[in-house]
Structures are given as structure tokens and as C-alpha cells.
Amino acid sequence: MAVLPVAADPTTVPRRRRLRRPSLGRTAAWVFMIASLLATLFPFYWMLRTALSNTRSLASNADSFLPADITLGAFERVLGLSTQAEAIAQGGSGASVNFWLYLKNSLIVATTTTVGQVFFCAMAAYAFARLTWPGRDKLFFAFITALMIPPIFTTLPNFVLIKDLGLLNTYLGIVLPGLLMTPFAVFFLRQFFLGIPREIEEAAMIDGAGRFRVFLTIILPMSSAPISTLALLTYITSWNDYFWPLLVGKEESVRVLTVALGIFRSQTPQGSPDWAGLMAATLIAALPILILYLVLGRKIINSIGFSGIK
Amino acid sequence: MSTTVTPSRPGPAPGLPRAGRTAQRRRGQRSRSDLLPALLFVGPATIGFLVFYVWPALRGVYYSFTDFSVLSPPTWVGTENYQDLIQDELVWNAFGVTAQYVLINIGAQTVLSLGLAVLMHRLTTSMAVRGALLLPFLVANVVVALTWFWMLDYQIGIVNGGLDWLGMDRIAFFGDSQWAIPTIAMINVWRHMGYTALLIFAGLQTIPTHLYEAASLDGSGEVRSFFTITLPLLRPVLAMVLVITVTGSFQIFDTVAVTTAGGPVNATRVVYYYIYELAFVRFDFGYASAISVVLFLVLASVAFAQIKLLRAGESDLS
Numbered sequence: 001m002a003v004l005p006v007a008a009d010p011t012t013v014p015r016r017r018r019l020r021r022p023s024l025g026r027t028a029a030w031v032f033m034i035a036s037l038l039a040t041l042f043p044f045y046w047m048l049r050t051a052l053s054n055t056r057s058l059a060s061n062a063d064s065f066l067p068a069d070i071t072l073g074a075f076e077r078v079l080g081l082s083t084q085a086e087a088i089a090q091g092g093s094g095a096s097v098n099f100w101l102y103l104k105n106s107l108i109v110a111t112t113t114t115v116g117q118v119f120f121c122a123m124a125a126y127a128f129a130r131l132t133w134p135g136r137d138k139l140f141f142a143f144i145t146a147l148m149i150p151p152i153f154t155t156l157p158n159f160v161l162i163k164d165l166g167l168l169n170t171y172l173g174i175v176l177p178g179l180l181m182t183p184f185a186v187f188f189l190r191q192f193f194l195g196i197p198r199e200i201e202e203a204a205m206i207d208g209a210g211r212f213r214v215f216l217t218i219i220l221p222m223s224s225a226p227i228s229t230l231a232l233l234t235y236i237t238s239w240n241d242y243f244w245p246l247l248v249g250k251e252e253s254v255r256v257l258t259v260a261l262g263i264f265r266s267q268t269p270q271g272s273p274d275w276a277g278l279m280a281a282t283l284i285a286a287l288p289i290l291i292l293y294l295v296l297g298r299k300i301i302n303s304i305g306f307s308g309i310k
Numbered sequence: 311m312s313t314t315v316t317p318s319r320p321g322p323a324p325g326l327p328r329a330g331r332t333a334q335r336r337r338g339q340r341s342r343s344d345l346l347p348a349l350l351f352v353g354p355a356t357i358g359f360l361v362f363y364v365w366p367a368l369r370g371v372y373y374s375f376t377d378f379s380v381l382s383p384p385t386w387v388g389t390e391n392y393q394d395l396i397q398d399e400l401v402w403n404a405f406g407v408t409a410q411y412v413l414i415n416i417g418a419q420t421v422l423s424l425g426l427a428v429l430m431h432r433l434t435t436s437m438a439v440r441g442a443l444l445l446p447f448l449v450a451n452v453v454v455a456l457t458w459f460w461m462l463d464y465q466i467g468i469v470n471g472g473l474d475w476l477g478m479d480r481i482a483f484f485g486d487s488q489w490a491i492p493t494i495a496m497i498n499v500w501r502h503m504g505y506t507a508l509l510i511f512a513g514l515q516t517i518p519t520h521l522y523e524a525a526s527l528d529g530s531g532e533v534r535s536f537f538t539i540t541l542p543l544l545r546p547v548l549a550m551v552l553v554i555t556v557t558g559s560f561q562i563f564d565t566v567a568v569t570t571a572g573g574p575v576n577a578t579r580v581v582y583y584y585i586y587e588l589a590f591v592r593f594d595f596g597y598a599s600a601i602s603v604v605l606f607l608v609l610a611s612v613a614f615a616q617i618k619l620l621r622a623g624e625s626d627l628s
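Residue numbers (our numbering), protein chains in the order written: chain A, 1 to 310; chain B, 311 to 628.
Fair warning: there could be bad hints in the mix.
[To be verified] From chain B, some residues computed to sit far from chain A (all C-beta separations above 10 Å):
{"no.": "1", "residue": "Q393"}
{"no.": "2", "residue": "Q410"}
{"no.": "3", "residue": "R440"}
{"no.": "4", "residue": "Y505"}
{"no.": "5", "residue": "L508"}
[What the hints assert, rightly or not] So these bits of chain A aren't anywhere near chain B, every CB distance computed over 10 Å:
{"no.": "6", "residue": "T40"}
{"no.": "7", "residue": "A59"}
{"no.": "8", "residue": "D63"}
{"no.": "9", "residue": "L72"}
{"no.": "10", "residue": "E76"}
{"no.": "11", "residue": "L79"}
{"no.": "12", "residue": "L101"}
{"no.": "13", "residue": "K104"}
{"no.": "14", "residue": "I108"}
{"no.": "15", "residue": "T132"}
{"no.": "16", "residue": "G178"}
{"no.": "17", "residue": "L220"}
{"no.": "18", "residue": "S266"}
[As the list claims (entries may be wrong)] Footprint (simulated), chain A over chain B, 3 or more residues, beta carbon under 8 Å:
{"no.": "19", "segment": "366-378"}
{"no.": "20", "segment": "396-409"}
{"no.": "21", "segment": "459-465"}
{"no.": "22", "segment": "482-496"}
{"no.": "23", "segment": "536-545"}
{"no.": "24", "segment": "605-614"}
Hints listed in this document are in silico derivations from the structure and should not be mistaken for laboratory results. Since the model is a prediction, treat every value here as computed from it, not as a measurement. Yeah, the Cβ is synthetic: ideal placement off N, Cα and C, and Gly gets one too.
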């Protein structure tokens with residue numbers, strides 16, 4: 001459903017004569033497209049180029065497109081693998097940073113959020129799509145209304161709540177607000193469950209399966225495509241989140257990558273920041289998502305669509 | 311991000327779905343027994359909904375009428391916070407700066423994305439092109455902000471190096487109050503351009519190709535077809551894209567937080583950042599809540615105005 005219909009192949013549309021004699025407009029269109037692609041991809045190359053450089057050599061090689069004084073020192077530095085002296089020699093601040101720890105924290109937070117949110121939202125979506133109970137449609141409408149509330153509106157009171165529960169600087173505190181539901185996920189999954197033929201469930205129930213077993217053994221496997229798409233999007237959103245973990249998880253033991261990057265940036269000495277270290281750290285923060293994208297890119301691209309609008 | 315991904319088949323309206331109604335009739339006596347499993351299924355999500363959406367939304371409104379420093383319980387002060395904020399120059403500055411940001415960000419982004427979407431539609435449908443253009447959107451705001459912070463560095467950033475090479479003056483992108491907001495706006499155009507283009511691209515695919523064929527037979531060129539077919543038929547999709555991107559654009563925080571932190575002086579102290587400072591640096595939760603209530607009202611009216619003006623609900627395609 002969220003998967004778009006395959007685009008009608010435009011080469012079948014009769015406007016072929018242009019292909020043979022490239023017009024000015026068509027050339028300009030390609031130039032614009034290629035310029036956009038270059039502008040999109042160049043910063044990623046620049047991250048890599050800088051991360052492989054020696055910070056002390058960057059200034060004298062500012063106009064070179066290759067790594068300045070190529071080294072893996074920046075990565076070793078931000079992963080806490082080099083000594084203080086080595087780090088300072090290559091332009092690091094010498095402060096201890098440990099991106100292994102932040103990477104682990106990000107993994108824990110994003111994984112827990114995704115598993116919890118998708119599972120609990122799938123359960124709720126099933127109740128909204130398949131079960132009959134009083135108040136169902138009123139509650140669903142209320143859920144959907146919550147989509148309109150801008151995050152800042154609930155963020156401040158949620159912070160107070162997490163603080164009052166004594167959960168500041170714990171994984172649970174970071175994860176909790178998104179663990180049980182987001183309105184969008186419920187809405188999204190309900191649409192799919194509505195499309196599953198009822199007969200399949202009923203057959204299983206005649207065979208004596210309970211509701212929960214039907215849900216686990218029939219509904220979830222049959223919706224594996226939309227569920228994995230949703231999980232992927234949830235994972236990326238959670239991985240990239242900055243505002244909430246900044247408020248409730250600043251302490252080093254639970255600090256996630258985005259928060260750590262902000263702190264790393266503010267710790268770099270004014271005037272001569274450790275650019276190579278900073279870019280190595282951003283690359284480490286971006287890498288898991290980039291890998292996920294390389295493997296599952298098509299699914300992500302196809303999930304972005306607007307065909308729901310009449 | 312996920313809030314903009316919409317399942318393609320909207321299905322029945324949120325009211326009582328037709329499938330549900332017939333099934334209810336068909337299964338008759340069984341329906342009553344669903345209550346218990348339903349409570350079980352919907353329970354966790356409902357708890358999450360009540361505790362982390364409904365309750366805080368109500369608390370937020372309540373806090374906005376109090377003096378609250380988090381450390382001691384809130385005390386009721388009536389509309390004092392609201393009276394204060396009307397006279398607070400920093401509030402006006404914050405909304406002004408945010409409006410400026412939104413205008414530059416949305417203006418540039420919509421034009422560029424529309425162009426890219428049309429090119430994806432008419433020039434190439436390559437999955438690799440789409441994949442590359444979407445890439446920046448998947449990377450965290452913080453990562454994007456820091457990468458550009460480095461590339462735009464005054465001394466040794468590659469962009470200023472390029473300006474030098476072209477014989478132009480170097481620009482203090484983040485340090486000059488004239489440049490700071492446009493710079494941050496363009497960084498986020500870079501991040502969102504491909505994503506927005508894909509949203510529009512999906513809308514373009516709903517326009518029947520025979521319209522273009524007919525126009526082409528009648529001698530209409532690409533440019534003319536764009537203005538007479540594409541743009542009018544795309545209006546509802548564009549309107550929804552605008553509502554969503556404008557709402558998102560108002561919530562600019564991450565980029566400001568890691569690059570300029572509101573400066574130079576107040577040049578980039580956007581609403582979100584000002585609220586953040588009030589609450590977490592000055593511990594003035596009551597006042598911060600009042601500003602978030604105002605922001606919510608502004609966002610709701612802007613969205614409402616857009617939907618009305620762009621007639622988002624109606625389509626010319628019929």
C-alpha cells in the first residue's frame with residue numbers, strides 16, 4: 001500500500017524525437033539534475049576526506065581534494081583507542097571521548113524504541129481493525145487527533161514527568177515516551193490489517209486458536225512487508241533524534257551519538273577545532289544508517305509516497 | 311519523518327469502517343466477546359497515549375498559567391506569562407527569525423524539489439538517482455549541521471576556498487548575522503530537498519500519462535505541459551506537502567543548537583531554541599510553556615490557512 005505503483009515507463013510515451021537531437025531544454029535539465037546529484041553527494045565525500053586527514057595538516061592543504069596527511073588517527077581518537085599524547089599530536093583536544101559507548105547507547109535506544117513501538121502499535125492497530133468493542137472508533141479518532149500536536153507541546157511536561165519518576169539519565173527515560181505508541185504507527189498499520197481477508201483468521205479460530213495466537217502466527221507474518229518498512233522508518237527516526245535525548249540523557253553512560261556529537265563540537269577549542277575528529281565522529285554516527293540504506297534502500301524509497309491523497 | 315508517509319489506500323474514513331460493520335452483523339453474537347481481548351490488545355498503546363500525549367498536553371496548558379521552575383511545585387499566576395510574552399522583545403525576535411527561516415527554507419526547497427520531481431518523472435526514473443537524492447534526509451540533523459559547519463568554515467572551509475578561487479570575498483556564514491539564518495535555511499534545504507522531491511514525485515505519478523500524450527500530439531512542449539497540466543493537477547499534493555514541510559520547518563532546533571546556539575547576538579534564536587533556553591537554562595517552565603502554546607496556535611492557524619487557500623481537499627482531476 002505505501003509502496004508506490006511502479007512508475008509508468010516514460011520511454012514508452014511518444015516524445016522520442018527529442019532523444020535523438022538533444023534540445024537545449026533537455027541539456028539544461030540534465031545539467032540541473034547532475035548538479036543536484038553532485039551537491040547532494042559531495043558533502044559525504046568531504047566528511048570521509050576530512051575524517052582521514054590529520055587535523056594539523058588541514059589548514060595547509062585546504063584546497064586539496066585528497067585527505068591531508070592521510071591517517072586513521074581521527075577514528076582512533078574518537079573511539080578512545082589512542083593515547084592523549086597521540087591525540088593532541090594530531091590536533092585532538094585530548095579530552096576523553098568514547099564513541100564506542102555512544103554507538104552502543106544509540107543501538108540500545110533505537111532498537112528498544114523500534115521493537116516496543118512497532119509491536120504495541122501493531123497490537124493496537126489489530127484491535128482497531130479487527131475486533132469489535134464499544135468506544136473503538138472514538139478512541140481511534142482520539143489517537144489520530146494526537147498526530148496534530150507538535151512535539152514541543154508535550155516535550156516540556158514529559159520532561160517533568162520523567163524527572164519526577166526519577167528516570168533522568170536512564171535508558172528507560174529516553175525510550176519511554178515513544179515505547180508504547182505513536183499515533184502514526186497505529187494509523188499506518190491499521191490500514192494494512194483492514195486489507196487482510198477475515199476468512200483466514202476465522203479458519204484459524206475455528207481450529208481453536210485464540211486471538212493472540214492468531215495475531216502472532218497469522219496477522220504479523222502476513223504483514224511482514226509493511227511492518228518492516230515501519231520498523232525501518234522508526235529505527236532511523238529514533239537513531240537521528242536529538243532534542244529528547246539531549247534533555248533527558250546528557251550523562252555519559254546513556255549518551256547517544258547525536259547528543260555526543262553536539263557535546264564533542266562544543267568541547268572543541270575555539271579557533272582550532274579538531275575537524276578530522278569531528279568528521280570521523282559524524283561518519284561513525286551516520287554509518288549504521290548508511291549501511292541500512294545500502295541494504296534496504298529500495299524499501300525506504302518506495303515507502304515515501306503521497307498516493308493516499310485523493 | 312514518519313508522519314508524512316501515508317498508506318496508499320486510505321480505506322474507509324476513521325468512522326465505522328464498512329468492513330467492520332458487515333462483519334459485526336455477520337458475526338452477531340460473537341462481537342460481545344471481543345471486549346476482553348480488545349482491552350488486552352489496545353491496552354499498552356492506550357496507556358502510552360494517555361500518559362505521554364493526553365496528560366502532558368493538558369499539563370502543558372496548565373503550566374502556561376503558572377510560575378514553575380521544576381525545582382518547586384508550580385504556582386498559579388493566571389495570564390501573567392501571556393501578558394509578559396507580548397512585551398518580550400525576544401519572543402517577537404524569535405518568531406520573526408523563525409518566519410524568516412521558514413520563508414527562505416520553504417521557498418527554496420519547494421522550487422528545487424518541484425524541479426527535481428519533474429525531472430525524476432520526465433527525464434529519468436532511475437532508482438539510483440532517487441536513492442542518492444534521498445540520502446541526506448536519512449542522516450541525522452546533527453550530522454548534517456556539523457558537516458556543513460566544517461565545509462562553511464571561514465578559514466579553511468572548502469566553500470570559502472571555492473569563493474576565494476572564484477575571486478570573491480570570504481563569507482562568515484555562521485558568524486555574520488545577515489548570513490546566519492539563510493545559511494541554516496539552506497543547509498536544511500540540502501537535507502530535505504530529495505525527500506520533498508520524492509513526495510512530489512509520488513504525486514506526479516497519479517497524473518494520467520495520456521494527458522501528456524494528448525498535449526504532445528497537440529504540439530504542446532514540455533514547458534507548456536508543465537504549466538497547463540502538471541502544476542494544476544498537482545495542486546492538492548503540493549498543498550499537503552507544503553502543510554507538512556512548513557509545520558516541520560517551524561520546528562527548527564537541531565541545526566541551530568549545534569552550530570550557532572542562537573547567535574550571533576539573537577540572529578538565530580528561533581522559537582524552539584528560545585523555548586529550550588527558557589526551560590532548561592533559565593528553568594522558567596511556566597513561561598516556556600506559554601510560548602509553546604502560542605507556537606501551537608500559530609502552527610495550527612498556518613496549517614488551516616494553507617489548507618483553505620490551496621483548497622487542499624479538492625482535486626481538479628475528474
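* Asked: Can you list which hints this structure breaks, lowest number first?
  -> 3, 4, 5, 6, 7, 8, 15, 16, 18, 20, 22, 23
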